[in-house]
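Novice: Letter by letter, the chains look like this.
2 protein chains.
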Amino acid sequence: MNPIANEEKMVKQGAKDKYPSRVKDKPAVLKRKDAVLYSEWSEQSPLSREQSDFYEKNGFLVLDSFFSEKDLSEWRSELKKLNDVYREEEAEHVILEPESREVRSVFAVHDNNERLKQLAAHPRLVAIANYLLGSDTYIHQSRINFKPGFTGKEFYWHSDFETWHVEDGMPSMRAFSCSISLTDNFQHNGPLMVIPGSHTKFISCVGRTPDNHFKQSLRRQEYGVPDPDSLEMLSKEGGIHTITGKAGSIVLFDCNTMHGSNSNISPDPRSNVFLVYNSKENKLQEPYSGQKPRPRYIASRE
Amino acid sequence: MNPIANEEKMVKQGAKDKYPSRVKDKPAVLKRKDAVLYSEWSEQSPLSREQSDFYEKNGFLVLDSFFSEKDLSEWRSELKKLNDVYREEEAEHVILEPESREVRSVFAVHDNNERLKQLAAHPRLVAIANYLLGSDTYIHQSRINFKPGFTGKEFYWHSDFETWHVEDGMPSMRAFSCSISLTDNFQHNGPLMVIPGSHTKFISCVGRTPDNHFKQSLRRQEYGVPDPDSLEMLSKEGGIHTITGKAGSIVLFDCNTMHGSNSNISPDPRSNVFLVYNSKENKLQEPYSGQKPRPRYIASRE
Chain V
3 MNPIANEEKM VKQGAKDKYP SRVKDKPAVL KRKDAVLYSE WSEQSPLSRE QSDFYEKNGF
63 LVLDSFFSEK DLSEWRSELK KLNDVYREEE AEHVILEPES REVRSVFAVH DNNERLKQLA
123 AHPRLVAIAN YLLGSDTYIH QSRINFKPGF TGKEFYWHSD FETWHVEDGM PSMRAFSCSI
183 SLTDNFQHNG PLMVIPGSHT KFISCVGRTP DNHFKQSLRR QEYGVPDPDS LEMLSKEGGI
243 HTITGKAGSI VLFDCNTMHG SNSNISPDPR SNVFLVYNSK ENKLQEPYSG QKPRPRYIAS
303 RE
Chain G
3 MNPIANEEKM VKQGAKDKYP SRVKDKPAVL KRKDAVLYSE WSEQSPLSRE QSDFYEKNGF
63 LVLDSFFSEK DLSEWRSELK KLNDVYREEE AEHVILEPES REVRSVFAVH DNNERLKQLA
123 AHPRLVAIAN YLLGSDTYIH QSRINFKPGF TGKEFYWHSD FETWHVEDGM PSMRAFSCSI
183 SLTDNFQHNG PLMVIPGSHT KFISCVGRTP DNHFKQSLRR QEYGVPDPDS LEMLSKEGGI
243 HTITGKAGSI VLFDCNTMHG SNSNISPDPR SNVFLVYNSK ENKLQEPYSG QKPRPRYIAS
303 RE
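Just so you know, the protein sequences line up as chains V and G, in that order.
Each residue of the first sequence is one higher than the one before, starting from 3 at the first, in the working numbering.
Each residue of the second sequence is one higher than the one before, starting from 3 at the first, in the working numbering.
In short, the hints are calculated from the structure, not lab data.
Be aware that one or more of the hints could be misleading.
Just so you know, same-sequence chains aren't split out, so a pair can sit in one copy or run between any two.
Said to hold, decoys possible - Result set (DSS-like, lysine-lysine): computed pairs, CA atoms no more than 30 Å apart in a straight line:
#1 K83 to K282
#2 K248 to K59
#3 K248 to K238
All of these numbers come straight from a predicted model, not from anything done at the bench.
Here chain V stands alone, though its shape is the one from the complex (with noise of 0.2 Å):
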């Protein structure tokens, strides 16, 4: 169905877009019409209160520490594994790099490995997820990212909730990210940056959204791409931060905060397991684009 009948028919169903993106020739800015956080702070969340105000107004919050070189270890050997593995052999949940043929993501990490199962459920992470988006939760997607010494290309900026809105439907901005470094970030080594703030506005994208693109656009972003003048508005606004920081930290960042990250051309690889935590009342709908949905190990609908 194509973008503008879908439009009408989700007007008909009284399910009206509050976040239209790829259905206009022009770039837009719109407000954000969503709380980020969606609980009150006490005593008792899993956040100190200036954590949690730092990732109200921010969108992004940093947490040093917060896994343990034995942690780490583990899940650095099951990496290990899943790369030997998937260079070899095709699967439709790993997406390799344009160029090298490198491992690039693996998704659905939560559904098909016991030690990643377990790490999406881990107790503390479950409770900040529940803080932030007030309610109970459940993994929208997740997936290990490797940037390779030498070859990792960049991620150019996106926000995550525009392609899920658009592609997979999720209706409000109601989820979160929460990446977990599994080796050090350096300046060098192409770590991940935002622009802090960003998350309160909605960059309206141009362009439609072919059918099955997402492919070719988990390798190379094509569709959803914001327009440089919005950029560079929101980065004048808020300005760029690169996060750095040792293995173990982890950075839990708002569904429509913009992010992106640039090359690596050092030696010192980047590993990343990131985690999507969304909330039950905010349940996947038909995607926006009017398109069918993609794959469940790209956008879980349970």
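Use these hints to put chain G onto chain V, whose structure you have.
Specialist: Okay, now just chain G, sitting in the frame of chain V:
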């Protein structure tokens, strides 16, 4: 002439190649056979003793606020002119980005542009050059590099000397680059990265150089590329230093210091003027590749 025939010819002439590269099937790490600093430090030297020692040990030196905002604004408007002209009009000494066809480098700026000619002859720069190289000097190469915002591509690791030696016939390590920052260098906009101490070793690279490949190589490097193991060894020994700082700072780095930069997806462009000073006692010979010399806008033979 093929490289082996050329090697024989050079041996006959008594011109032994101190730094063979692109002649063997395996990479090799050779010791530097030349001085780094060619003068004795004294109170009259144009660098302090600490600066001088730092340069000799690490192979680079940053001098903050070397140029004033007034100098910078003049050069910036000159740059804007150059960028506007060459985006429209192809020229031999102008290199475009491989994909976007944005201007990536303009060569021979000290020859073709009055303002940049004055810059190259700046008395304090010339005094530093004569001090570091222990003789009179001349400009071996000059260029402006533009790294646009959003789409700036990486420059992979390389030693300039490896190329200047093999492709231009520079006999000894008695040259250095001065990079003048016309824009602020942040962590996030693909700043220069150097490996401290790497100038004391020569990485002999594998692979022969095809004829006339230089046009392509200035856009994307394929020959004279150091191998991953050597890079890992160098970076384990010296680390990787990311050079950030304000516009107006300059970086001096030895011709054999391993350097490179990551991509730049941020909105902040990076522009630098590079001036390469060579000792008048280190004038170019026949290229050690046995091939014909590259054009003068890349390697001056005065």
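Novice: All hints, please: hold or fail.
Specialist: Checked hints:
1. K83 to K282: neither (32 Å within a copy, 56 Å between copies)
2. K248 to K59: both (24 Å within a copy, 28 Å between copies)
3. K248 to K238: both (28 Å within a copy, 17 Å between copies)
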